[in-house]
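Listed below, chain by chain, are the residues.
Protein chains: 2
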Amino acid sequence: MHILLPGPTPIPEAVQEALIRAMSDHRGTLFGQVDVKVRTELATLLGAPTKDHIAILPASGTGGLEAACENLLSPGDRALVVETGLFGRRFREVAEAHGVDVECVEIPWGQAFNPQEIAERVRQKPYRAILVTHNETSTGVLNPVEALAQAIGTDPGAPLMIVDSISGVPSIPLTLGPGLDVIIAASQKGFMCPPGLAILALSERARQSVVSDTRPGRFYFDLRPYLSGRLPYTPAIGLWHALHAALGLLRAEGAFARLQRHRMLRDMVRHFARAGGLTLLVEDAVASPTVTALGLPSEMNPGDLRRHLENAGLQIAGGLGLWHERAIRIGHVGHVDRADLAAGLTLMAPHLPHSEQALAAMIPFLKEA
Amino acid sequence: MHILLPGPTPIPEAVQEALIRAMSDHRGTLFGQVDVKVRTELATLLGAPTKDHIAILPASGTGGLEAACENLLSPGDRALVVETGLFGRRFREVAEAHGVDVECVEIPWGQAFNPQEIAERVRQKPYRAILVTHNETSTGVLNPVEALAQAIGTDPGAPLMIVDSISGVPSIPLTLGPGLDVIIAASQKGFMCPPGLAILALSERARQSVVSDTRPGRFYFDLRPYLSGRLPYTPAIGLWHALHAALGLLRAEGAFARLQRHRMLRDMVRHFARAGGLTLLVEDAVASPTVTALGLPSEMNPGDLRRHLENAGLQIAGGLGLWHERAIRIGHVGHVDRADLAAGLTLMAPHLPHSEQALAAMIPFLKEA
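Chains as they are written, first to last, in full-length UniProt numbering: chain A, 1 to 369; chain B, 1 to 369.
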């Protein structure tokens with residue numbers, strides 16, 4: 001089965017091999033060394049001060065969102081959520097479930113937030129935190145998170161900025177820095193591993209807040225032991241080994257080359273789709289390098305198309321939320337190259353209004369870069 | 001590396017192969033079928049009425065304990081915790097973290113609870129729930145959970161019995177039934193998979209309580225979507241496939257044969273250790289079939305012994321809590337046969353006060369059964 005999904009994504013062979021590495025004592029020296037290496041490498045990749053600013057939790061990405069809310073926000077705290085799609089909505093729901101006093105800026109589907117407008121709003125009223133989505137998986141919009149961090153600045157009274165980058169980093173590089181305090185990621189997208197790990201990177205300010213917080217009421221997602229490297233509960237050993245292998249591949253490729261690769265894949269999908277008669281639901285300027293949502297002509301049913309493709313050996317994702325009835329989503333995140341993408345798009349082409357034009361539009365992308 | 005640990009445990013080849021099965025859309029039909037098969041098979045294995053009484057969470061086993069407490073207990077509810085070791089203590093801490101009014105029966109380390117005494121206590125005062133450990137991993141004690149369920153009976157006012165069987169089922173069979181409402185398990189011990197999944201089986205009474213509970217305050221561990229098969233957040237796909245393969249192996253072996261195998265391994269460890277000059281810290285009558293804690297002579301240091309063994313290619317577990325300074329633990333849970341155990345014990349023998357006697361004591365167990 002070919003998969004062009006915004007996660008799960010294809011697993012490189014070296015990562016698969018690491019995944020089935022023999023089990024060992026998670027309190028033993030062998031595994032302890034792997035854990036230190038993984039957290040050290042993640043700290044470098046995500047711009048965290050040390051390995052003890054990285055927490056790896058056996059959980060889905062949503063568990064990472066909840067851990068951030070539980071550890072950095074108290075009931076009654078005021079937080080601003082910038083909602084640019086379904087996963088922004090989820091972040092809001094997680095915060096609300098924990099009693100946070102949420103104010104929400106709802107951005108129309110398919111658009112990115114305006115960093116100056118958000119920064120202005122944050123200046124007008126004190127917020128404990130601002131929760132934003134880096135790469136909105138439901139719409140395929142890349143939000144200008146770094147620009148927002150810059151606009152908010154490093155005023156000591158500035159809110160903590162907590163970023164859901166589950167479908168962003170490391171395919172789309174993002175690092176902690178002034179105005180950007182927490183990055184939440186997951187194992188199954190750009191990290192090229194199977195799902196099962198949530199990853200959190202914390203700034204020194206965020207880490208201090210977590211480790212000095214002795215409120216009761218949390219247990220599994222209490223980040224304090226994870227941040228001290230204590231591996232409080234049985235870690236998902238295979239996934240740690242897999243992540244270790246994947247981090248080696250990521251380092252070898254390099255952040256800029258990786259981003260360029262994903263941008264090229266994005267552009268290839270967009271040229272293919274436009275030429276084939278589909279609608280690009282997101283403008284070029286804010287189009288995600290990792291996932292593309294495409295509108296179908298009214299006579300095409302997304303469910304039917306996906307069933308046909310699955311029978312032909314290709315899985316793509318459906319539209320979500322508002323776009324469920326009219327859109328499909330193509331993932332090009334993680335371990336995907338132009339040949340993988342071409343294989344999938346070729347299977348799609350016969351179903352498009354302009355099949356030949358769609359295929360022809362891929363040609364420039366298939367020539368040596 | 002040989003491992004004789006109470007988890008992680010060795011992974012059979014068929015399970016390893018399933019683990020690296022190509023990723024697929026977790027909302028697609030292929031994966032949906034695997035999920036249905038896994039939950040249906042788990043329902044049979046754990047005595048749950050239907051697949052919709054089974055929840056599989058991407059988390060460590062402790063996440064399963066927390067999910068049970070969060071979904072079945074409200075702050076202020078009175079619960080009785082029967083604490084027979086470190087993991088009983090953890091169950092208590094999880095309940096306390098969620099504001100449950102916990103009363104605790106502390107059983108001395110190395111002993112099992114008395115079901116009649118606990119049942120008597122439960123009759124004297126109303127409790128919302130009783131939290132017990134089936135197989136206490138820290139001491140190697142098997143608690144009489146079924147006898148307790150029988151003693152408490154099916155009175156509609158009886159408390160929910162919630163059982164941590166993380167190192168018990170399926171190596172030690174346990175099923176839901178009158179007086180036994182929730183079983184919590186994890187992927188990495190008897191289920192022969194890598195760590196990363198918590199498994200909960202609920203009685204009809206427990207399921208009704210969960211699905212009719214609309215309190216806010218939970219998100220990732222809110223069991224309602226999991227019980228409806230909605231896979232609310234990205235599932236740990238590889239582990240689902242692995243569990244599917246493992247369930248096939250478990251079915252092929254059969255529950256009784258499996259229990260007999262683990263009892264034989266337990267007896268082999270005990271004869272070996274006693275003959276070799278170690279102390280059995282738990283009486284035969286309540287000795288766990290899956291993990292054995294052994295006291296060392298005062299001149300032997302458990303940390304030194306474990307380092308020597310690790311250098312020789314064998315990992316065993318250290319003592320926990322009260323027994324940290326004087327004990328080791330040998331795991332014989334999951335995919336372990338007499339040859340695996342013999343390989344490990346043979347590496348241990350030279351370090352024991354009576355090496356030859358220890359080895360000789362294994363001989364009867366190595367003959368064809």
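By construction, these hints were calculated from the structure, which means they are not laboratory data. We put the CB at the ideal spot given by N, CA and C, even for glycine. Incorrect hints may appear among the rest.
Covered stretches of chain A (chain B as the covering partner; in silico rule of three or more C-beta atoms under 8 Å from a C-beta of chain B) [stated by the list, open to error]: (1) 245 to 251; (2) 272 to 280.
Covered stretches of chain B, as calculated for chain A (at least 3 residues, CB under 8 Å) [as the list claims (entries may be wrong)]: (3) 35 to 44; (4) 186 to 195; (5) 207 to 213; (6) 237 to 244.
Each hint, compared with the structure:
1. Only residues whose C-beta sits within less than 8 Å of a C-beta in chain B count toward coverage, and the segment 245 to 251 of chain A has 0 of them, not enough to reach three; the restraint is violated.
2. Check result for the segment 272 to 280 of chain A against chain B: violated, 0 residues qualifying (beta carbon to beta carbon below 8 Å, three or more required).
3. With 0 residues having a Cβ less than 8 Å from any Cβ of chain A, the segment 35 to 44 of chain B misses the three-residue criterion, and the hint is violated.
4. Residues of the segment 186 to 195 of chain B with a Cβ under 8 Å from some Cβ of chain A number 4, which satisfies the need for three, so the listed coverage holds.
5. With 0 residues having a beta carbon nearer than 8 Å to a beta carbon of chain A, the segment 207 to 213 of chain B misses the requirement of three or more and the stated coverage is violated.
6. By the rule of at least three residues with a Cβ nearer than 8 Å to a Cβ of chain A, the coverage given for the segment 237 to 244 of chain B holds, with 3 such residues.
This entry does not satisfy hints 1, 2, 3 and 5, going by the numbered hints stated previously.
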